[in-house]
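Residue numbers (the UniProt record's numbering), protein chains in the order written: chain V, 1 to 255; chain W, 1 to 57; chain B, 1 to 223.
Derived from the structure by calculation, the hints contain no laboratory data.
A couple of the hints might just be wrong.
Sample of chain V residues facing chain B (criterion: CB under 7 Å; computed from the structure) [stated by the list, open to error]: (1) I135; (2) M141; (3) T142; (4) T146; (5) A156; (6) P169; (7) V170; (8) S174.
Beta carbons: idealized from backbone N, C-alpha and C, even for Gly.
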Amino acid sequence: MAFWDYANPTRFLKLVQVVLPWLTGLCVLASAAGLYMSFFIAPEDYQQGQTVRIMYIHVPAAWLSMMCYSIMAVSSLGTLVWKHPLADVSAKAAAPIGAAFTFMALVTGSLWGKPMWGTYWVWDARLTSVLVLLIMYLGLMTLWRTMEDPIKAGKAAAVLTLVGALNLPVIKFSVDWWNTLHQPASVMRMDGPTIHPDILWPLLVMAVAFTLLFFVLHLMAMRNEIMRRRVRTLRLRAASAAHPRSAVATAQPAE
Amino acid sequence: MDLGSHAGFIFASYGLCLLTVLGLIAWVRIDKANLEKALKDLAEQGVSRRRPQEGGR
Amino acid sequence: MSTWALALFQRDLRLSVRVGGSALVGVLFFLAVVTVIPFGVGPDLNLLSRIGPAILWIGALLATLLGLDRLFQADRDDGTLDLMLMAGRPLELVVLIKCLAHWVATGLPLVVAAPLLAIFLNLEPAAMGAVTLTLLVGTPALTLIGAIGAALTVSLRRGGLLLAVLVVPLAIPVLIFGVSAADAAIHDPVPFLTPFLILCALSLIAAVIGPIASAAALRFESD
Chain V
1 MAFWDYANPT RFLKLVQVVL PWLTGLCVLA SAAGLYMSFF IAPEDYQQGQ TVRIMYIHVP
61 AAWLSMMCYS IMAVSSLGTL VWKHPLADVS AKAAAPIGAA FTFMALVTGS LWGKPMWGTY
121 WVWDARLTSV LVLLIMYLGL MTLWRTMEDP IKAGKAAAVL TLVGALNLPV IKFSVDWWNT
181 LHQPASVMRM DGPTIHPDIL WPLLVMAVAF TLLFFVLHLM AMRNEIMRRR VRTLRLRAAS
241 AAHPRSAVAT AQPAE
Chain W
1 MDLGSHAGFI FASYGLCLLT VLGLIAWVRI DKANLEKALK DLAEQGVSRR RPQEGGR
Chain B
1 MSTWALALFQ RDLRLSVRVG GSALVGVLFF LAVVTVIPFG VGPDLNLLSR IGPAILWIGA
61 LLATLLGLDR LFQADRDDGT LDLMLMAGRP LELVVLIKCL AHWVATGLPL VVAAPLLAIF
121 LNLEPAAMGA VTLTLLVGTP ALTLIGAIGA ALTVSLRRGG LLLAVLVVPL AIPVLIFGVS
181 AADAAIHDPV PFLTPFLILC ALSLIAAVIG PIASAAALRF ESD
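Produce the complete structure using the sequences and hints provided.
Structure (structure tokens):
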């Protein structure tokens with residue numbers, strides 16, 4: 001099975017070496033096309049004017065903040081259920097990228113909100129859920145940083161990621177409920193049933209560009225993480241060579 | 001092109017996104033350079049994996 | 001089966017109530033939080049009675065989080081946790097019983113203290129009852145969700161702060177429905193029963209997810 005062939009980190013690194021340049025090239029092309037389309041082809045909105053252009057980065061960033069968490073959840077399943085050796089590498093590498101995209105979604109959302117709602121922040125259901133998501137990303141990153149052993153940290157983070165994945169729909173539901181109770185006065189909603197193709201196409205191209213960017217960064221971060229574990233293994237081995245009797249037990253579980 | 005009265009907000013959001021992405025890229029690259037240096041130092045010290053010829057690349 | 005469960009429950013309860021346990025510190029902290037809030041928002045009784053349920057809930061949330069870091073850590077330090085892992089009893093059940101004992105020692109006092117503290121916040125009798133009832137139903141959920149964080153941070157020496165950060169996002173739904181139910185009893189935009197039943201459901205869900213996830217985390221931590 002191809003999925004298992006790449007369980008070997010060395011083979012995975014070779015694959016990354018081959019795929020990465022192509023992916024990077026595609027990402028640059030898609031970003032250039034998406035930026036051009038969103039500034040020069042997409043029309044201005046009859047209600048929101050030019051600020052609608054913020055949507056072309058806001059919506060893809062928000063979509064990626066979700067996708068990244070899903071990837072982390074699947075990776076966590078991979079860690080706990082299938083014990084795939086690259087799964088926790090993938091989950092760990094995805095967390096900072098996901099946090100960055102969530103941050104981008106929040107910042108662009110609030111910069112879009114200022115001209116539209118007259119304030120940088122409203123406790124709108126969507127904004128609030130995204131903020132909670134950001135806190136969860138940061139918590140996961142902290143958990144990873146505080147634990148010494150990468151295997152144990154990976155398992156602990158996998159448990160938390162899965163609990164978070166189960167909880168996210170509940171959080172979304174409860175924030176929606178809370179928001180309907182305390183509805184702020186002038187929140188504009190973007191739920192038109194149809195989106196004009198002139199708006200849809202730039203949005204889709206930007207979404208593709210962001211997704212490619214995510215995968216490029218994710219692969220690079222995974223490669224770094226594999227290298228980091230090698231460095232750790234080698235350092236432990238060097239230490240155990242220097243003090244052969246004391247460090248035998250700790251040198252084993254590092255990779 | 002004319003971005004109207006809210007040009008500042010549009011440029012600010014695109015600029016901040018660009019900065020975030022550049023920050024991510026810088027993080028990944030600096031991390032990679034550091035790790036490669038560490039691997040090289042370890043190789044020079046004679047610490048190696050069981051199967052040699054498998055560096056970090 | 002019930003004998004060892006009862007024995008474990010009694011042991012945990014006794015440990016947390018005796019000298020060196022931290023059962024009543026939580027109530028004291030709750031009192032301190034509720035006392036401090038009027039200094040922040042001003043002594044306006046109308047305002048206080050409007051946000052009273054929220055103050056009590058946030059105080060209870062903080063007090064619960066404060067007591068959670070010792071839930072598994074003390075047992076890990078003296079090796080009891082390893083014995084529990086080896087004993088062959090279902091670890092999920094062990095966690096559930098430990099949570100129950102922990103809740104009786106720290107959560108229940110909060111519920112009992114809530115009506116007294118509600119007087120400081122000028123709550124009407126109906127609101128007082130509603131807040132107490134929602135706390136009674138909702139604080140077990142906080143303990144059970146917090147157990148996950150406690151299990152994840154059990155090996156960290158200073159895990160208390162990290163525990164709070166990890167648990168707070170997961171506790172948001174409980175807070176929302178607890179406060180909504182209490183608010184609904186005072187000025188009813190919605191009937192009291194709707195959010196209250198959802199709160200009950202959240203507690204039941206936490207009673208399933210909490211022990212399973214904590215047991216998984218404890219197992220991974222030990223091997």
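message: Output the indices of the hints that this structure fails to meet, ascending.
response: Hint check: 2 and 6 fail, others pass.
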